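A.B. asks: Starting from the known structure of chain A, fit chain B onto it as the hints suggest.
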Amino acid sequence: MSRERRRLLAFVPSAVLLGGLLVWGLWDIPDFGTAHHEYARWLTGHVTAQRHVSNVVSGVVFDYRGWDTAGEEVIVFAAVTGTALLLRTTRDPDVEPTRDVETSDLTRRAGDVAVPLVVLVALWTASFGYVTPGGGFQGGVIAATAALLTWLTGSYRRHRALTPVPLVDGAEGGGVLGYLLIGCIGLLAGSAYLANVLPHGSPGALPAGGTIALLNWATGVAIAAAMVLIFHEFLEEHLLALTEREEGR
Amino acid sequence: MTTALQAASYVVVAVLGVAVVVCRDPLRQTMVLGIFGLTLTLLFVALGAPDVAISEVVVSTVAFPVVLLATISGTRHGGREQEEDR
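These protein sequence lines map, in sequence, to chains A and B. Counting from 1, one number per residue, gives the positions in the first sequence under my numbering. Counting from 1001, one number per residue, gives the positions in the second sequence under my numbering.
The shape of chain A in the complex, shown without the other chains (with noise of 0.2 angstroms):
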C-alpha cells in the first residue's frame, strides 16, 4: 500500500466521524438571536442595572466572570514573557542590529499625523469600553500598533526610543499586577475577591462601573505592553536577520 493511500485511509474515516460529531453537536443548538440560552438573557437583564455599565460584554468580562480574566492576564503575561526570555537567551547580547532604514520626509510626516490619531483610537476604545462596544484589550493592541507605525514610518531606533525597555516592561508587569490587586479591594471591604464593591455611578458616563472601570485600564496597559514587548522582540529578530545577510555578502 502506497503512502499516499494509507494517509487517506486514516484521513476518511477521521474526517467522517470528527464531522459527524461536529454536525451532532451543532445539531440542537439554539437560532441565533433566540432568547434560549438562560444565562444570556439573565444578563442582558440584569447587568446595566446591577453594574451600572451599558456594554453587557466588559461587565462580563471584568465582573461576573472577572476572575476568568484574571486567568487571562496571567496566561498572557507567562507567554509574553516565556517568548521574551527564549528569543533574548538565543540572541548574542554584543551584536546590535545595525540595518535601519530611514524613511523619507514625507512618510516620516504621515507618521506624526497617523500615529497620534491611532493613539487617540485606542485611548477612546479603551475609556469607553464599558460604555459602548470596545474595552481595555481591544485599545491596547491599538496602541500596541501606534507604537509599530513609529517603526513602519520612522526608524527602528526612533521606535524604539519611544517605547523604552522600562516602561514597556514595567507597563507589562504593573498592568497583570494592578488588575490582581485591584481585585484585593474586595478582600478588604470584607467581600469575596475582585467583588465590586467601589461605588457604580451611571450607566453611560465614564465614572461608572466601579472596579469595571479599574480592571479595564489594568488591561488597557498590560496588553498594550505586552503586544509592544511582542513587536520588540520579533523585530529585533528581523533585522539581525537582515544585519547577518547583508554582512555575510
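Treat the hints as calculated values from the structure; they're not laboratory data. In this text, all values refer to a predicted model and were calculated from it rather than measured experimentally. Idealized CB from N, CA, C, for every residue including glycine. Worth double-checking, as some hints may not be accurate.
Label pairs and their in silico Cβ distance ranges [unchecked claim]: (1) A1049(B) - W27(A): 31 to 41 angstroms; (2) T1071(B) - G204(A): 36 to 46 angstroms; (3) P1026(B) - S191(A): 47 to 57 angstroms; (4) L9(A) - G1048(B): 37 to 47 angstroms.
Residues of chain A placed beyond 12 angstroms of chain B at every Cβ, according to the derived structure [unchecked claim]: (5) D92; (6) A122; (7) L214.
C.D. replies: Frame of chain A, contents of chain B only:
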C-alpha cells in the same frame, strides 16, 4: 433568523478559510490570513458582536501578520534565498 448579510459573511468566511489552508507559500498565506481575519470581522459585526469584531480586526490584520512576517524574515531569509536556489 439569518439575514442576507449574515449568509454572505458565512460564505466569504468559508471561502477565505479554505484559501488560507490551500495557500502553500508562507508569505502569501500571511496576506490571505489577514484578509480572512477581515471577513471574520465582517461576520462578527453581522452577528451583532462588535466587541469581538474590534479584537479580531486589530489582532488578525496587524498584530499577528507582523509577528508572522518577522518570523518568516528571520527563518527563511524573507523567501529570497529559496528563489536564488532555483
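A.B. asks: Of all the hints given earlier, name the ones this structure violates by number, lowest first.
C.D. replies: 1 and 6
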